[in-house]
Amino acid sequence: MAERERALAPPYGGVFVARARVMEPEDVRRAVWRMAHEIVERNRGVSEVALVGLQTGGVPIAGRLAEAIHAIAEVEVPHGTLDVAFYRDDIGLRPVLPEAATDIPLDLTGKTVVLVDDVLFTGRTVRAALNALSDYGRARAIQLAVMIDRGHRELPIRPDYVGKNLPTRRDEMVDVSEAGVVIGDVVPR
Amino acid sequence: MTRHLLSVSDLGPDGIDEILRLTDSFVEVSERAIPKVPALRGKTVASLFFEDSTRTRLSFETAARRLSADTMNFSVSTSSVKKGESLRDTVETIQAMGVDAIVVRHSGAGVPWQVAGWSGDASVINAGDGWHEHPTQALLDCYTIGRERARRLGTVASEQRLSGLRIAIVGDIRHSRVARSDVLAFDALGASVTLVAPPTLLPPSLAGWPVDVCHDLEATLPKCDVVYLLRLQRERMQEALLPSLREYTATFGLTRERARLLGPDTLVMHPGPVNRGVELAAEVADLPNSVIIRQVSNGVAVRMAVLYLLLGSGVDLAAA
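Read top to bottom, the protein sequences are chains B and Z. According to the numbering used here, the first sequence holds residues 1 to 189 in order. According to the numbering used here, the second sequence holds residues 190 to 509 in order.
Calculated from the structure, these hints are not laboratory results. These numbers were taken from a predicted model, which means no experiment stands behind them.
On the chain B side, residues computed to face chain Z include the following (Cβ under 7 Å): (1) 86; (2) 91; (3) 95; (4) 96; (5) 97; (6) 98; (7) 101; (8) 102; (9) 135.
Here a beta-carbon is modelled for each residue, glycine too, at the ideal position from N, C-alpha and C.
The shape of chain B in the complex, shown without the other chains (with noise of 0.2 Å):
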């Protein structure tokens, strides 16, 4: 979720408390290179290959896979970033603000999209980027991938690619970081 709609409205306005480590940021370097990998094998190298990172968790991730990929099969894979705020099903039920413009520099037509976020929950914000995509040209295919899935979905959508199942309560919060991966909870302000 954006930042600033984050701070605009409770229960969103509350401050998270940390409460443990579950990954370290080796860890996640560790998983972001072994997702480079499966998304290479999976598509059988990666020249039709384009990563979507979602705003904003999925933005740093896709970057880095991006990097990976490139070490990987020495191939520059085109790489840009999906705000999902106009396509949200909760307008009007709570603040929704775009954190940034949409950046997707091609034609996604005939392209396989690798679609990457930080944390996979309800699978809402997917669905909201599965339509958004739907307006950028006619993808082949669309796959997700997802640094953290921590259950709880409320829509029929799974990931491809994961870089640790975390089973969660749904009033926990999980935070990825540049720091790691963080498990918590929001605490009114």
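Position chain Z against the provided structure of chain B, taking the given hints into account.
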């Protein structure tokens, strides 16, 4: 909670910033093959225009449709206003049909405020009231200046504040709602504004306006970053304010000769429609630094941002 957009002064610098930032996203939407998002599905935007308009009405309608809202178009010439229906009854009738926003243009200053009092839950957007205000025009002007300067100077486009810029507004200030809203917005974002006009085309009083006044266009042109020309509003002139159009052009028109006085990065702007050959020479309107067409295309994106913020975002603009 700000539900309406009636005046630029409702917004404040942070509210303006929020709109300009969001406009970036809608420029991106407008540039793609399918320039439409489902953000306002199920919402209805009614336009209520008591004055002639091409670009503003079409711009709002395009903006609403690109957000997937439905549009309802009301033009006075084909409506029950012709049969003598009052403004209040007209607004209440439209409101009873369940609209979410009413875009109003009227020749009377202050009419949008009255409409806001009758509109129930619907948001009211001022699309021009008499000589008073035209806030979405001011917003699209601020956006255009920020973005076009960033493009020319190679800086980051998100630096949309206009701090330190010198902006000259030239021409018929007296009858111009665009000038009133622009002065408020430019000042809020930190630009300094000089009005250039014959004394008869200045408002009766400039007390409280954060502006300088100058009657010499040629002295002002080399010293400004933006020249904003206004349309000579002949339809609103009930008295002889000018000796002749030719004399106006000779003293206050941006002719080809005067355009040479402009700095290399000075933007030429105009809210349209242009009286070519009067306030602006035809060749000058087509110069690379003329961003009049950009103003029109940015206008759609700015109005998408306004509609989305008022109807969809759930964000209070005044507290943004």
